[in-house]
Amino acid sequence: MIVKSEITEKYLELYKNNINKISGISSPFFNSFRATAFEKFNELGIPTKKNEAYKYTNLNIFFDHDYENYFMPVPADFIKAEEFRCEVTDLDAYGIVLLNGFYPTLKEKLRQLPGGVWIGSLNEGEIQFAEKFEKHFGKYAKSETDGLIHLNTSMASDGLFIYIPEGVTMTRPVQVVNLIQSDNDTFNQPRNLIIAEKNSNFSIIICDHTLSPQKFLTNAVTEVFVGENAHFDIIRVQNEHNNACKITNTFIYQKKNSVTSSNNITLHGGLIRNNTYHYLGGEGAESYSYGLFLADKWQHVDNFVNVDHAFPHCTSNQLFKGVLDDMSTGAFNGRILVRPDAQGTLAYQKNNNILLTDDAKMDTKPQLEIFADDVKCSHGATIGQLDDDALFYLQSRGINKREARLMLMFGFAHEVIQNIKIEALCERMDNLVMQRLKGELSRCASCLVKCM
Amino acid sequence: MLIINNLKASIGGKSILKGISLEVKPGEIHAIMGPNGSGKSTLAAVLAGREFVEVTEGTITYLGKNLLDMLPEDRAKEGIFLGFQYPIEIPGVSMVNFMKTAVNEHRKHNGLEPLSASDFLKLMRDKKELVEIDSKLANRSVNEGFSGGEKKKNEIFQMAMLEPKLAILDETDSGLDIDALRIVANGVNKLKHPDNSFIVITHYQRLLDYIIPDVVHVLYDGRIVKTAGKELALELEEKGYDWIKKEIENNVTA
Chain Z
1 MIVKSEITEK YLELYKNNIN KISGISSPFF NSFRATAFEK FNELGIPTKK NEAYKYTNLN
61 IFFDHDYENY FMPVPADFIK AEEFRCEVTD LDAYGIVLLN GFYPTLKEKL RQLPGGVWIG
121 SLNEGEIQFA EKFEKHFGKY AKSETDGLIH LNTSMASDGL FIYIPEGVTM TRPVQVVNLI
181 QSDNDTFNQP RNLIIAEKNS NFSIIICDHT LSPQKFLTNA VTEVFVGENA HFDIIRVQNE
241 HNNACKITNT FIYQKKNSVT SSNNITLHGG LIRNNTYHYL GGEGAESYSY GLFLADKWQH
301 VDNFVNVDHA FPHCTSNQLF KGVLDDMSTG AFNGRILVRP DAQGTLAYQK NNNILLTDDA
361 KMDTKPQLEI FADDVKCSHG ATIGQLDDDA LFYLQSRGIN KREARLMLMF GFAHEVIQNI
421 KIEALCERMD NLVMQRLKGE LSRCASCLVK CM
Chain B
453 MLIINNLKAS IGGKSILKGI SLEVKPGEIH AIMGPNGSGK STLAAVLAGR EFVEVTEGTI
513 TYLGKNLLDM LPEDRAKEGI FLGFQYPIEI PGVSMVNFMK TAVNEHRKHN GLEPLSASDF
573 LKLMRDKKEL VEIDSKLANR SVNEGFSGGE KKKNEIFQMA MLEPKLAILD ETDSGLDIDA
633 LRIVANGVNK LKHPDNSFIV ITHYQRLLDY IIPDVVHVLY DGRIVKTAGK ELALELEEKG
693 YDWIKKEIEN NVTA
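Protein sequences, first through last, are from chains Z and B.
Position 267 (the first sequence) corresponds to 267 in the working numbering; numbering is contiguous.
Position 103 (the second sequence) corresponds to 555 in the working numbering; numbering is contiguous.
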């Protein structure tokens with residue numbers, strides 16, 4: 001008999017006591033997923049270190065805590081968040097503000113941006129675009145091993161909905177500023193759905209900021225459908241305090257000839273786990289997965305990437321880097337699966353890490369499973385210190401050692417950042433990373449959000 | 453400008469330099485030649501301040517100061533430049549950012565304001581022209597993906613940007629085709645003036661067809677075994693290093 005951990009029991013209890021309340025907010029279609037998901041969660045539980053995919057990450061310290069809020073904010077909480085709307089961004093982007101991952105529903109629950117994209121609350125998206133919603137929701141976020149996906153499906157009540165209709169090209173990106181704020185310790189489970197139809201072109205930037213010192217745990221699930229020939233870029237900038245835990249689960253499902261990129265830039269955070277799943281579900285699809293983290297003190301950052309080559313002639317590339325200071329720890333797990341039919345696959349993976357102290361620790365694990373023969377795959381992982389020869393080269397030109405170290409770390413990080421296609425954002429990220437490396441607060445000079 | 457007196461140095465306990473004395477005066481070009489393994493690059497490393505070389509004896513005085521007490525970056529700011537035999541690739545650090553930081557560190561040291569962005573770009577442009585370096589190279593990461601010749605030209609470009617008082621070129625000619633060699637040598641000749649000096653370390657005489665040295669030293673087994681005018685280089689080209697080795701062996705046995 002399997003003895004369920006007490007922590008898992010706690011969440012089972014939470015579900016039983018609140019399922020009626022949650023179901024009241026969302027639609028019958030959404031609710032139809034909950035019972036199955038709950039059963040699955042009951043079976044899998046909260047991942048522990050015994051779970052191969054969570055071997056290097058201990059979630060207990062955040063799950064074994066009694067939060068005061070487990071569900072979405074009440075309307076009054078949104079009032080403050082609404083004030084930020086349209087003011088936070090000085091990028092040439094459409095600004096959207098979320099509170100704890102939820103779209104403010106005080107005024108319009110769903111709106112159309114100039115250019116044709118719809119953006120708003122998940123529940124409202126389901127009402128206004130029922131057919132699209134039912135076609136995609138719950139289809140991509142699947143896992144036989146990770147209970148957290150199912151915990152989200154069973155209890156999530158709302159989240160962000162974005163619909164990019166066929167052929168719509170957005171020249172300006174959407175910048176989502178996600179404010180994490182509460183007077184109480186809070187567990188958030190937003191559920192997001194992005195539908196990018198055939199021949200569309202869309203970029204989204206999601207910036208997380210914690211605004212109050214309370215303990216936060218976020219377990220977000222985002223499903224992304226990218227239709228034939230569509231282009232989709234998602235950039236996350238994670239900037240949270242040391243008492244916050246963020247788990248993102250992003251499932252990107254691609255059709256023929258589509259091109260996607262995902263870029264997770266982790267500047268700060270207590271415990272971060274990014275699960276990014278790329279499914280190449282049509283010939284000629286391309287997927288680029290990037291990640292960069294800068295960790296210090298007791299922080300822990302873990303990137304888990306799963307690239308599934310299911311069709312021939314697809315390309316994927318993973319580039320993940322970490323800079324670890326003090327006694328921080330990190331992990332990278334990159335899986336490439338090439339299915340038997342996926343001939344002509346090109347799949348690359350690179351993970352490089354710099355340890356700045358003897359106490360910092362990094363675990364990296366490439367995992368290649370190749371079942372086709374006409375395939376080009378490569379992977380490489382390094383964990384090391386700053387290059388002494390490079391350091392001396394800079395010093396020999398009159399640059400002092402401290403500055404030379406900064407330049408090398410910056411150069412190391414820039415290799416990830418330079419893949420951001422939005423030039424202004426690329427520059428912004430360079431600045432934020434430089435500030436972070438110098439030990440300053442990484443905050444945009446013009447940003448009104450005073451994050452902590 | 454530079455006085456080296458009885459310099460002895462070792463790497464990992466192994467003695468490499470076994471008592472080198474030499475003086476370089478302003479405006480002079482010194483060539484240091486010698487067979488592989490004679491200690492040429494170690495001497496360059498000591499002058500630039502590499503930590504892995506341990507100086508066990510002797511002194512180096514540069515412009516009246518004790519060079520061995522100075523950090524590598526301070527030596528650079530005081531006007532010493534090392535052209536690397538194997539320039540380092542630094543991905544992610546742009547040439548522009550690298551040079552801007554270096555130039556402004558030099559200016560700060562000399563009590564000058566940092567250059568404005570436009571003045572800096574103008575300086576880059578002028579120096580690129582001077583050393584005939586491809587414009588595109590300056591827009592890339594430091595040495596990343598550069599060919600051997602491009603890397604060496606980039607060293608000369610950096611030298612032009614930093615205007616050193618004493619430049620040490622460590623086998624800058626190795627691996628260069630004749631055109632690249634000419635560009636490198638032209639760069640040196642254009643930058644030469646009565647107040648600055650060069651130490652050109654080379655294995656072959658070839659480079660010295662283009663850069664005419666005032667003094668030629670032959671380094672062998674960690675010692676300077678011969679010092680003469682530029683005609684010594686020609687003699688070495690003709691006869692190789694064996695006659696010098698023989699001469700030394702004869703001296704030892706005699």
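Hints in this document: simulated from the structure, not taken from any laboratory.
Keep in mind that this is a model prediction, so the values were computed, not measured.
Among these hints, one or two may not hold up.
[Said to hold, decoys possible] Restraint ranges, calculated between C-beta atoms of paired labels, are given here: (1) B:G597 - Z:R172: 28 to 36 Å; (2) B:T679 - Z:N431: 52 to 60 Å; (3) B:E701 - Z:S378: 51 to 59 Å; (4) Z:P213 - B:K466: 53 to 61 Å; (5) Z:N431 - B:E596: 35 to 43 Å; (6) Z:L106 - B:H561: 57 to 65 Å; (7) B:H561 - Z:S378: 16 to 24 Å; (8) Z:H379 - B:G597: 16 to 24 Å; (9) B:H561 - Z:P213: 21 to 29 Å; (10) Z:E39 - B:N591: 44 to 52 Å; (11) B:E690 - Z:K376: 47 to 55 Å; (12) B:D666 - Z:D363: 52 to 60 Å; (13) Z:P213 - B:L564: 43 to 51 Å.
[As the list claims (entries may be wrong)] Listed next, the in silico BS3-like pairs over lysine-lysine satisfying Cα-Cα at most 25 Å (straight line): (14) Z:K401 - B:K517; (15) Z:K401 - B:K477; (16) B:K617 - Z:K401; (17) Z:K401 - B:K588; (18) B:K560 - Z:K438; (19) Z:K142 - Z:K198; (20) B:K644 - Z:K421; (21) B:K477 - B:K644; (22) B:K517 - Z:K438; (23) B:K644 - Z:K401; (24) B:K574 - B:K517.
Idealized CB from N, CA, C, for every residue including glycine.
We went through each hint and held it up to the structure:
1. The supplied range of 28 to 36 Å is met by B:G597 and Z:R172, whose beta-carbon atoms lie about 34 Å from each other.
2. Checking the proposed 52 to 60 Å range against B:T679 and Z:N431 shows it holds: the Cβ atoms sit about 54 Å from each other.
3. One distance hint, 51 to 59 Å for the beta-carbon pair B:E701 and Z:S378, holds here, with the actual separation near 53 Å.
4. For the hinted restraint 53 to 61 Å between Z:P213 and B:K466, the CB-CB distance of approximately 57 Å keeps it satisfied.
5. Our hint of 35 to 43 Å for Z:N431 and B:E596 is violated, since their Cβ atoms are close to 22 Å apart.
6. Against the hinted window of 57 to 65 Å, the Cβ-Cβ separation of Z:L106 and B:H561 comes to about 58 Å, which satisfies the hint.
7. For B:H561 and Z:S378, the Cβ-Cβ distance of about 45 Å falls outside the hinted range of 16 to 24 Å, so the restraint is violated.
8. Range check, Z:H379 to B:G597: about 21 Å between beta-carbon atoms, so the 16 to 24 Å window is met.
9. Look at B:H561 against Z:P213: about 44 Å separates their beta carbons, and that is not inside 21 to 29 Å.
10. For the pair Z:E39 and B:N591, the beta carbons lie near 58 Å from each other, so the given range of 44 to 52 Å is not met.
11. For the hinted restraint 47 to 55 Å between B:E690 and Z:K376, the CB-CB distance of approximately 53 Å keeps it satisfied.
12. Look at B:D666 against Z:D363: about 59 Å separates their beta carbons, and that is inside 52 to 60 Å.
13. Checked against the given bound of 43 to 51 Å, the beta carbons of Z:P213 and B:L564, roughly 46 Å apart, stay inside it.
14. For the suggested pair Z:K401 and B:K517, the alpha carbons sit about 21 Å apart, so the restraint of at most 25 Å is met.
15. Taking the CA atoms of Z:K401 and B:K477, the gap is about 30 Å. The hint is violated against a cut of 25 Å.
16. Taken as a hint, the B:K617 and Z:K401 pair is honoured in the structure, with Cα atoms around 22 Å apart against an allowance of 25 Å.
17. At roughly 28 Å between alpha-carbon atoms, Z:K401 and B:K588 are farther apart than 25 Å, so this suggested pair is violated.
18. At most 25 Å may separate the alpha-carbon atoms for a hinted pair to count; B:K560 and Z:K438 meet this at roughly 20 Å.
19. For the given pair, Z:K142 sits about 23 Å from Z:K198 by alpha-carbon distance, which is consistent with the 25 Å threshold.
20. With a C-alpha separation of about 44 Å, the suggested pair B:K644 and Z:K421 falls outside the 25 Å cut-off, and the hint is violated.
21. Under the criterion of a C-alpha separation no larger than 25 Å, the hint pairing B:K477 with B:K644 is consistent with the structure, at around 13 Å.
22. A distance of roughly 33 Å separates the Cα atoms of B:K517 and Z:K438; the hinted pair therefore is violated under the 25 Å criterion.
23. A C-alpha spacing of about 30 Å is found between B:K644 and Z:K401, which places the hinted pair above 25 Å, so the restraint is violated.
24. A threshold of 25 Å between alpha carbons decides the hint, and for B:K574 with B:K517 the separation of about 34 Å lies outside it, so the pair is violated.
The structure fails hints 5, 7, 9, 10, 15, 17, 20, 22, 23, 24 (numbered hints given earlier, in ascending order).
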